[in-house]
Amino acid sequence: MVITDPVYFIALPLLTAFLLPLFGKIYKPLIGIIPGLVFAFLAYISFDLYLNLVPGKPIIIQMAGWAPPWGINLVFSEFSGLIVTLITFLAFLVWVYSYNFKKVGFDNSKKYFTLLMLMVAGSIGVVLTGDIFNMFVFLEITAIYSYGLTAFYKGRDSAEAAFKYLLLGSLSSVFILLAILLLYKQVGTLNMADIAVKAQSIDPKMKSIIAILFFVGLGIEAEMFPMNGWVPDAYSQAPGPVAASFAGMLAKSGIYALIRVFYTVLEVKGVFDLLLIMGLLTIIFAEFSAMRQKHLRRMLAYSSIGQMGLIMVAFSFNTKAGIFAGLFLMFNHAIIKTLLFLSSGFLTYSTKQKKIRDLDGFGKIMPFTSLMFGLGAFAIVGLPPFSGFWGKLNMLVATADSNLYFVIALILLVAVVEIVYYFKVIGRLYFRQQHKDVEVHNPTWNAILAMSILAIVIIGVGIYPDLITDYLTKATNELFDKAGYIHSVLPNLSLN
Amino acid sequence: MNSLVLLILIIAGGALLSYFGHKINKILGNITVFAVALIIPIYWFTQVDFTETVSFTVSGFHMELGYNMYGKLFSMIVMILSPLALIYAIGYMKDQKKLATFYFSFLFSILGMTGILMSRDFVSLFIFWEIMTWSSYLLVIFLGKDVQKTGIKYMVFSAIGAYAMLMAIVIIYKNTGSMMLSDYFGSFAGFTLQTKLLTGILLLLGFAVKSAVMPLHVWAPGAYSNTPMAYTSVFSGALSKMGIYGLGFVVVNLFAQANLEIVGYVLAWMGAITAVLATFSAVFQHDAKKLLAYSSIAQLGYIVTGIGIGTELSIMAGLYLAVLHAAFKGVLFMVVGAVERQAGTTDMNVVSGLARKMPFTFFTALIAIIALAGIPPLGGFVGKWMLYESLINNSNFLMVIMIFLSSTAAFLYCFKFLFGLFLGQQEPEFDHVKEASPVMIIPMLLLSVFLLVTGAYPGIVFKYVAEGMTNLGFHDVNWQMSVLTNAWGDSVNVQHVYLSVVVVFVAFLIFITWRGYKHSTKISTKDISSSGEMIKPEDNMTYAMDFYKPFQRVLQPILKWKINKYYEDFGKGLEALFDFMRRIYTGNGQTYAVYVIIFLAILLIFSKSIFGY
Amino acid sequence: MKKVVVIGSLGVIVYYLLSAFVAIPFGADIIKGVKEFYLQKSPDDLKVANVVTSIVVNFRGFDTLGEVTVLFLASTALGSILYHRRSQHSGLNPQRTSVEASAIVQTGAKIIFPFTVILGAYIFIHGHLTPGGGFQGGAIIATGFLLMLISYRKFFIKHNALTWIEAIAGSTFVILGLFGLIYAKNHDFLENFLPAGKLNDLLSGGIIGIIYIAVGFKVGAEITGILDTLLTVKETGLDPEEN
Amino acid sequence: MQEFLTYSIYGTAFFLMLLGLYAVLMKKNLVKIVIGLTVLDSGLNLLFVAVGYISGGTAPIFSPAVVGKHVIMTDPVPQALVLTAIVIGFGVTAVALALVVRLYRKHNTTNIDEIKNLKW
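Protein chains in written order, with the working numbering: chain L, 1 to 496; chain C, 1001 to 1613; chain W, 2001 to 2243; chain X, 3001 to 3120.
Don't read these hints as lab results, they were simulated from the structure.
You can take every hint at face value.
So, partial list: chain C residues that the calculated Cβ filter (under 10 Å) puts toward chain W:
id	residue
1	T1591
2	V1594
3	I1598
4	L1600
5	A1601
Think of the CB as a built atom: it goes at the ideal place given N, C-alpha and C, for glycine as much as any other residue.
So that you can see chain L by itself, here it is in the shape it has in the complex (with noise of 0.2 Å):
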């Protein structure tokens, strides 16, 4: 038990991130190893935890020996451990692309390292904590990761996309901070448990002020409509794998803090409407605006807002087939988001001006990595037999189980843009002349593999889905099972 302790999914990365400097100075290439022993020992205990969980009796890990709600306390559940296990496994997928991309020009690789643990560090914090401020701790952390790593190039406009974010992501954690100033205020406690249990009682006219402040903060986190204008700067300058890790792990920890706020801690009425139709706005302006892009990355990063927005829409329903469908969009969106950032990055990196035009003929030239990109595209515009497709289907099911036509209708009708501005890009890496002047930049076999791995999580999740659908109910149920969730964070407290 001692040796698989959900501690140590916090505890570990931050160890090696403050000791790695020491390594370097013994020895370089620790400074690659090291990492990559660490994301590989967390990806095990991950599912080692989460495989060996029993049912309704999520893992409470309490801080410094004091009980919840004195105390912080990391709860490892259905759903926030399938979220974990997640991020671990894409955390070491993104560990062995990049371990020796320093090879095509990747340098200053320490200071990468160390800035990949803190973040896998976070988001992992934001995940499984169950402390609201502890929460806020860890996504100041996954934020400020993300402004340094956005500007990580210097030939870019890189810290301009990082400076947008450091306005936003700042304004974000004011409304946060502000939220949670007037929560304490309200019922004396930070536990998210504890303030589930005590939220009843607060006047509605403050709790819809603190629920529009946590919607405004965490909707910057998770991509939101009206304020994810730095998505597509981010996205789109920051390296490959550090863009698929915000893809991959930053989004989906910012989307799972907005949910586990409104479904759990916060009950609140009205705001579950507010989610559905934030959530179509940003479909449809991400997926249009991504329709005209002209930078490879930019359409990705576009089409990934879109994504979150697919996401908000499913958890809106506020129903079980809802969160169903919410989750496995999640997934999907995590592995084959990261699968297109982690190849366009060998794609723009082999063309001089990252654009969608330069890429003719690159499936010829550029085989491997084409070839990824095009499964990648025909998985996220759900065909089947890709994974993308089952997450599509359910989310469709859900929709229709709430009675929302109209949306079954509009989710479909993007989906047909998202069609044809990925098919436009698979028409010309396959089927054009290719240009002239490209210098190619074939990926390293650490990279094929880890593209390979998670194409291989694509076709086989997509042929049996079943892999992943039992996971993802037992996490639903626990979602949807507040009670079940305060019971066993404080289970001397007397519900009545």
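Here the structure of chain L is known, so what remains is to put chains C, W and X in place on it, guided by the hints.
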């Protein structure tokens, strides 16, 4: 192991084997393709148990595969036409690159079609439908011609169709709690009118796109003509029939039984209009591929009309025509492919007089054209006869006139096709043209033989059509091997017609050949008198040049009306709208911050109405 | 136009927020929550006089770990944002952007500097007894270094030493926390496993004091590093905008 | 008196926040925007501390002078939280300033309206 699952696995495995075979070596790849092309139909005809079913539950959806007779009829089209086209492709695609992708997509589209026809639930139907769509998309853009225009158009229309279907599927699931087709049909009567119309019409829309019905047909000409011809024969012959398959069970099983024949009637009208307009468009094409593409749309229009009317005879006519259409369009696209490969072009303004150079190709083309035009001895005649009769029985006289008009006009393009490519005088630059390789000729000949046989014995097709119709609720379909009867009891034995026509025809052919050898001299197209005007060598004097100019002048007003243009304008409008919408991302970080503040302020102002405290 | 919209929105936001805060009267003790528990347990169980410290380091010690991480992250991110290769280009030494201060300032700085550092150290060592703690003490130490950095253009900080201090102090925090998993009563992360001592003694509170000292070192080193990086921007001789 | 205290302390905090937000939203200079962010943070921190105050309370420290006596103590939790918030604000400000340096090097200006190479 279940024979249906094994069939799917064989096709998928064949796709992977051909892919890797072609990655390694061209010869190995071709051998693999050939073997796969033989194994699939042999397995299907000998080993597949049509009563067997297999069911599994995936992601909470119950799925079931299993043939019914209606699916088997269409499967037969796929299983006969596709392997022949595959074998043809070995010869046709010899000099192409990226063959691995080609055969992979080809076999995957066969997989998709096979799967559709054995799906008993909507999820697997949709999965196979999408597999078929994306694999055929890869083939449409395979040659890299008009990738952005044709390919995207095809994909957009397919996606609209598929998603209409998906929307219908989820609404059905909402209402019945089951994905099974049979549950849907069973509980359809209990739905509200709104749900009936919504689900039914959305499904109809999905299937209508693939069968290229009138306002949704704009993808077809480009897609049919830009695809490698080896696949187009399957594309037009078999893949478009998937739409017909779906229309059949939707119109007959649902609307006709729920007293909503009006929907089928509208569909029939759309089919008739499609037939007329597409025929007129076909007449004035000078590219043989485009001509055949429009002709395909027109023929599908007849079939849709037949299905839409929804009486026993009309459905029989529609299905019969569907089978025959697969055969003769399969041959014709192969013929065009052979011409393209041997002569380098299919432009009828350039190429002409290839009959002597490519006699076998010419012979198959002749047979197929006769079948297509519905000239008595061959099968097309029977189908049209039945279609007219069913329409007259239903007193749809206006529709009869339209179909009649269209099939008369069809003679024009049939004639043009035959003369443009094969007859007329041969231009000197085509002296070097040789007959296509046997790998290409044999599939064409086999299909032609099938056409010849159905001319005398349409009953061999009727047998399966009648079997298939039992699943549409028509149990005692009356058919005879070679005798056609009409509603007034007159009957005609087609065998007699067949024999007499063949005898006359052969006698005439011998006469012509004899005369031709005796009296003709070879002269160049440029060697003509021209009232003092000099003929320059670069002047185009081929036979098919400006073939129907007077008609064109007459029909100008109709032809000018291009539906395609409306779609393109609509697309441009959308793009402008998108460009306008994305301007909210101004690039100025401060503006984004202002958005956040405004958003917060708006939420606060409306907090009372949103949160309802 | 923009001004009107912005001021209008700000007005709306402030109106609603104020209306929310008016419901919380200033100075009123309206809620009973976790604070009662903290005020009771801190002197009784932990033997820590400063309740804020016991909350920061023990009750909510996990937050503090996050905080330390944020600072570390900021300094690393700063390094990666302003990073440029020194060795590969002309042997230019990093240049201070500030000007050389006058002799009075320099002398004053030299005199004040040791006292500032000692004050900082005092504050973080007595973090569990008096107001202040690791963060405050670390910040004061960094102020002393800032004074030196802006007074002397030739005052360079050894980054090697900073790296060592950061690494050792940070890992002390985490390792002490991990020791809790093994040695402490409840086997919890960051739990105190040392004898608590007597209230208001310097050696009280178990690991709380040690952690705050480590935090003090780490914060001092990190803020100094951040200030140094910001002040030592190279202006000439290099092309930092290389791809 | 109580009313006045409520409004003056909250008012000051809100005034600072408003000032900071206004600078963030309206000032064109990047450095001024960063200053706006820090002012915003200061206002928020002040609000935190103000909310934690309890009338007549002392600092929550059990110094020898108060041990054993019954004294009212202010709420220690917001004070602990504000410490975290200050540190985070510091980190963000440092990164922001570094970014401003980078932006100035690249664009040779600190006007935010001129820094929009990435748009649409």
